[in-house]
Amino acid sequence: AIWIEEGQATQHGDLYMGEVSHFTPWNCDIQIPTAQLSGRLLNEDGTPFSNAEVYVGVVGFSWPSNLITDEEGYFSRTAPIGYPMELFRTYPGCFSSSSIQGTIIDLSPISEDTDLGDITYPNAPETDPDLYSALITGTAVSCEGAVLANTPVFFFKNNQPIGVTISNPDGSFNFTHDYCIGTMLQIQVVDPPENIIGERFSVPISRQTLRPVGYLPSCDSEQYTFFNLEGIHANYPDWEPIQYSRNNTLATTNAYFSGEVIMGDSVFFTLVQGQRFLLSHPDFTLGNHDDALIRVWDAHNQWGETTWLSCDNAPCGDIHLMITLNEGLGGFIEGTFDGQVNYENDYGDVGQMDITGSFRTFLSQ
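Plus 50 on top of the position in the sequence shown (first one is 1) and you've got our numbering.
Some clues are possibly wrong.
Simulated pairs of lysine to any residue, SDA-like, Cα-Cα distance not exceeding 20 Å [stated by the list, open to error]:
#1 LYS207 x ASN245
#2 LYS207 x LEU260
#3 LYS207 x ARG345
#4 LYS207 x LEU185
#5 LYS207 x GLY132
#6 LYS207 x ASN224
Honestly, the hints are just simulated from the structure, not real lab data.
If you're wondering where the values come from, they're calculated on a predicted model, not measured in any experiment.
Could you build all of it, start to finish, from the sequences and the hints given here?
This is the structure we're talking about:
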């Protein structure tokens, strides 16, 4: 076998990028005749299995070769001639660290380039009720808001790479991912001509089959929300709005925060998780606004006890909102808030507390 050197890889941050006209996935230590094997993988309702990890191997050989389908579910690769083969895909295991192997499909030996056409493959195993599949859609833009055509969009889970797709001429991209309930993905847009690698934006998905993420820029940003509630100091780093609606609601879910409840000079307990934060007002234009609505709930301490805070019905007090920046969809909104909120905890305690805070977040919806 002869290795051919071709192309040039250029470093962009911690990534190297380059193009070659060919790529051989099979080992070259044993010379055997090969042909091109291609097809398209569909689930039982006819939807393409895009960005799916598929294994193709020779029957009886313990080392199948893996590949990733494209956005339309297509795959193509060289395969040995004259051997019976098998095809299967894998799914993440929600109750273990091991992947789940799907149904094995037997393939007849090939003698020439072969297109298998559409292959209907079973949906995710019903034995794992926490396993879902979501189509993630969005648009890649530059730091100035211009669409980025034919640019790489990387996907990570727990900061481990799981796939990459290339944006369309209008900057849009699609990515299908099998996931377990409570998964947090990270998405990163890269702009090679400008030598820019964008920030990894966190995207929570839970029981969703379609997850729009809106406009994602190829630049770094800082997103946060912070509040101080009479000794409760909490902040959500890198929070993402899951709603920016006609009634102007900023909300986040599954957004972990840290903080402390101070009783006198002592730390009474440490907040370890805050599930939801919501801020709403009919007018998010620049300036001062009264009668804003705010809610923070499912804030658990280390003993599992819950406190929820709410000010969405009079006469709970006035929440004053100041918007200092609003760049619209695809940009940032930031501001401050202060006022009073109602509170209630697992012990039945109710009352009012003063609250102050600030926020800055990317409007990706």
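- prompt: Does the structure keep LYS207 and LEU185 at a Cα separation of 20 Å or less?
  reply: Holds, at roughly 15 Å.
Restraint check for LYS207 with ASN245, where alpha carbons must lie at most 20 Å apart: 24 Å, violated
Are the Cα atoms of LYS207 and ARG345 separated by 20 Å or less?
-> Status violated; Cα separation ~29 Å.
- Is the hinted pair LYS207 and ASN224 satisfied, with a Cα-Cα distance of at most 20 Å? 16 Å, holds
Quickly compare the C-alpha distance for LYS207 and GLY132 to 20 Å and report which way the hint goes.
The hint is violated at about 39 Å.
Given hint LEU260 paired with LYS207 - CA-CA distance at most 20 Å: 17 Å, holds
Against the hints set out earlier in the document, violations occur for numbers 1, 3, 5.
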